[in-house]
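Here this note's numbering is used: the first residue of the sequence shown is 123, the next is one more, and so on.
Among these hints, one or two may not hold up.
To be verified - The calculated label-pair distances, taken between Cβ atoms and stated as ranges, are: (1) Ala406 / Ala384: 17 to 27 Å; (2) Thr367 / Pro428: 30 to 40 Å; (3) Ile139 / Ile316: 10 to 20 Å; (4) Ser273 / Trp314: 16 to 26 Å; (5) Arg432 / Gly349: 57 to 67 Å; (6) Gly349 / Thr170: 45 to 55 Å; (7) Pro312 / Gly390: 43 to 53 Å.
Since the hints were derived computationally from the structure, they do not count as laboratory data.
All values reported here derive from a predicted model rather than from experimental measurement.
Note that beta-carbon positions come from the ideal geometry of N, C-alpha and C, so glycine has one too.
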Amino acid sequence: MPDLPLAGQRALLVMLIAIVLWTSERLEPGVTALLAVALLPLTGATTTMRAALQGFANPVPYFLVGVLTMGAAVVKSGLAERLARTILERARGRGLAVYVQRVLAFSVLTFVLPSATTRSGILIHIYDEVFALGRVPRGADIAKAVMLALSSINRLASTALLTGGITPVMSAAIIGGISWTGWLTLMAVPYWVILVLGGLLIAIRYRRGFSRDLPLPERQPRRPIAGVEWRTLAIILGASALWLTDPVHHLDPAIPALLAFAALLTPGIGPLRWGDLERGVGWANFFVIGASISLAHALDTSGAAPWLGRVLVGGLPGLSRTAIGTIVFLLLGATL
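Take the sequences, apply the hints, and build the full model.
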């Protein structure tokens, strides 16, 4: 690697160590994340510790904490159990109906909760409750199908909206001159078709899980929605409204998430206390996201990222000079 600076070589080494430790799970993910941050200045991949902590100055980890807090609040307030009972009753205990409801609801929920991360953070808790009430064991095919849909095709619904995440926002900015409705007109049909096709593939893969009906939970008298449930719902919808109106106020997505975080932990307003947060939020995610951004920043500033780009694209000149070749490399890069 004669044309790669020494700092870039060291940044690549730290990245490789982190990837090996994360994939092998020899250490807890949060431990590996902090180890990678410490190795950046120790090896000389970054000049200072402050530079190695760049990822934690990024709003993304704080957005994630806010979203995970919303999910914990949905459980603590009782909304998760209420919604889980409603889902099972509407599906009449049929596993296939539970799954179809979930897939078809993605597109509708996107207009209320535009962020796929937010939807996943909340819906995972709700469907955990569904499977607990339906006495579905961990690892059952129906549970795998729903959770796989949440973690994969769920994101397709967000990309159909301009406010659905950083990918559509950045793409629209690069193209230029695309409005919210213009983006929806262009993207809604193809992305929703892909969403349905993805849902069908998952259903075929785990079709055995749909043959078993889920036992309906014991009927309980309808109780009125409690004040804490209303307040939790209002806080989440308030954050969602700020995300949807981003073109008006231009707030960073982390700001509504952190406002919701504070409201949900305010005594007399939200359902959570700090102890609930320590148990209900996977703090390892915060450190992994922050460390990943720090690694990306180190690769960029050290020259390793441009060097990798030249190696990957320039290594196959026959393909890299064509539009199709560039798209293939981009897809491979996204997969890796």
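Taking the hints in turn, this is what the structure says about them:
A hinted range of 17 to 27 Å for the beta carbons of Ala406 and Ala384 is consistent with their spacing of about 22 Å. The given range of 30 to 40 Å is respected by Thr367 and Pro428, whose C-beta atoms sit roughly 37 Å from each other. Here the CB-CB span from Ile139 to Ile316 is close to 36 Å, at odds with the stated 10 to 20 Å. The given range of 16 to 26 Å is respected by Ser273 and Trp314, whose C-beta atoms sit roughly 18 Å from each other.
Here the CB-CB span from Arg432 to Gly349 is close to 60 Å, well matched to the stated 57 to 67 Å. For the pair Gly349 and Thr170, the beta carbons lie near 50 Å from each other, so the given range of 45 to 55 Å is met. The supplied range of 43 to 53 Å is met by Pro312 and Gly390, whose beta-carbon atoms lie about 47 Å from each other.
In this structure, the one hint that does not hold is number 3.
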